[in-house]
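Please put together the full structure from these sequences, using the hints given.
Be aware that the sequence shown starts at 2, since it is given in my numbering, and climbs by one per residue.
It should be emphasised that the hints constitute simulated quantities derived from the structure, not laboratory data.
Be careful, since some hints might not be right.
Simulated crosslink set (BS3-like; lysine-lysine; CA at most 27 Å straight-line) [claimed, not checked]:
1) 244 - 265
2) 336 - 251
3) 352 - 383
4) 40 - 53
5) 125 - 142
6) 142 - 174
7) 263 - 197
8) 378 - 352
9) 111 - 142
10) 108 - 73
11) 429 - 40
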Amino acid sequence: MLAQEVPQQSISTLNDISNVSKTFEDAFYNALSFRLIEKHQKAIDAIDECLKLDNTKPILYYEKAKNYFELKAYDLAQDNLEIALERMPKNEAILTNLQKIYFVQQKYDKTIATLRKLVEIDPKYKKSLAQAYVYTEQYGKSLEVLSSYESAFGYDTSIEKLRNRIYSVSKDKTDVIIHLEKALDRNPQNENAYVKLIEVYKGLNKHQEASKVLLRFKAAMPDSPLMDYLTFRDYLYTNDTVKATEIMKKLTSNNNISDTLKGKVLDDYRTYGKQNPNFTADLNSMESSTLSEEENMKFFMELSAFQLAQGSTESLLKVYEENLNVDSNNFSLIKDTLPLLLYYGKNKKAKELVSSAIEKYPSQPFLYLINGHLLAKEGEHKKAITSYSDGLDYIVDNPEYERALYLKMAVSYEALGAPDKAKKYQSKGEKISIE
2 MLAQEVPQQS
12 ISTLNDISNV
22 SKTFEDAFYN
32 ALSFRLIEKH
42 QKAIDAIDEC
52 LKLDNTKPIL
62 YYEKAKNYFE
72 LKAYDLAQDN
82 LEIALERMPK
92 NEAILTNLQK
102 IYFVQQKYDK
112 TIATLRKLVE
122 IDPKYKKSLA
132 QAYVYTEQYG
142 KSLEVLSSYE
152 SAFGYDTSIE
162 KLRNRIYSVS
172 KDKTDVIIHL
182 EKALDRNPQN
192 ENAYVKLIEV
202 YKGLNKHQEA
212 SKVLLRFKAA
222 MPDSPLMDYL
232 TFRDYLYTND
242 TVKATEIMKK
252 LTSNNNISDT
262 LKGKVLDDYR
272 TYGKQNPNFT
282 ADLNSMESST
292 LSEEENMKFF
302 MELSAFQLAQ
312 GSTESLLKVY
322 EENLNVDSNN
332 FSLIKDTLPL
342 LLYYGKNKKA
352 KELVSSAIEK
362 YPSQPFLYLI
372 NGHLLAKEGE
382 HKKAITSYSD
392 GLDYIVDNPE
402 YERALYLKMA
412 VSYEALGAPD
422 KAKKYQSKGE
432 KISIE
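Have a look at this one:
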């Protein structure tokens, strides 16, 4: 999501209303009060009273814009923020809200221009700038900005996701190839860059170029686990499922292999299984002979996800529950098991699991969302609202959960016969945009 939290330090500068009359001050604080109770037109009227007394304060145009934004009068919000920006050209709070309004109106060129100004103030905005470049299909620039962001702030999983999205959606792969070659120039032992470059060339049917990159990879890092991954991909490509399965088991059962790489292997394997339905029967026979081996427990838990796609998910749930008996503190496992318990109506088990999980992981909003859902199903809507509210306290840059918690609160308030509050939280949820 491009919209950023408004920086508090910037607001403190922007909020300067010193040397004003008592009439101005009263009208201004009335405007703030009206905005808090969502009476936005009255807030605008109060600000207009201030403007008649003194039209030099940037905060007046900033506040007016915020109210217009809530009324979805985006053009008027934009006009007022631009006036505020003329008076405070480098104010972070004004610029942040302005790029948000440009983005909502799909004025991506202006969004980018504003984000460039924000990057000069704080490099953290490079992530949002990279996202904006994607909307305008400037993939090369987006990749450059992402690399710059990563150099400044270190590895970030959201950066990797955006990169992978660019690799996938860009029709002309020239920028992608240039970016990956630059990454290898900077670091000849960048395993992921080799793999991505090989995949890009194969996708373009440039197998000779892919082979050359593979030779460079072998020379630079002959012992890399990703070499096994590439071999695994080749076996799948040639439908040699026996050898592909052997390498998959080798990689997924090795504790020294990263979860990221294991995830790639299993995702590719699942995709192959969906495209080749007859392969599932072979997997079932293999599973029955080796499922008891504890060292491969995680491997077979992932393998059972094939059956989720086939509609026979009882066995998947059983495997997840068995794994919880072995590793009851595994949050990823808890997070995967709870939706399956809900799907099968095993609400009692779900409630027990989520209660114990909240004690172990009290800052996970997902758990409060599930807990509230279960309470609501029992008609305990007041308790459900409390749970949703607790979950909101732990929201950190997670618009999906924030949106879901607000919308769930709206449902519970509606059930309690409080339509005004239901409407309020429904509106809060719907205003949160997610990719």
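Right, here's what the structure says about each hint:
1. 244 - 265: holds, 17 Å
2. 336 - 251: holds, 26 Å
3. 352 - 383: holds, 17 Å
4. 40 - 53: holds, 21 Å
5. 125 - 142: Cα-Cα ~16 Å, so holds.
6. 142 - 174: Given that 27 Å is the threshold and the Cα spacing comes to 13 Å, the pair holds.
7. 263 - 197: Since the Cα atoms of residue 263 and residue 197 sit roughly 16 Å apart, the hinted pair holds (cutoff 27 Å).
8. 378 - 352: holds, 11 Å
9. 111 - 142: holds, 16 Å
10. 108 - 73: holds, 15 Å
11. 429 - 40: holds, 15 Å
Violated hints are absent here; each numbered hint is respected by the structure.
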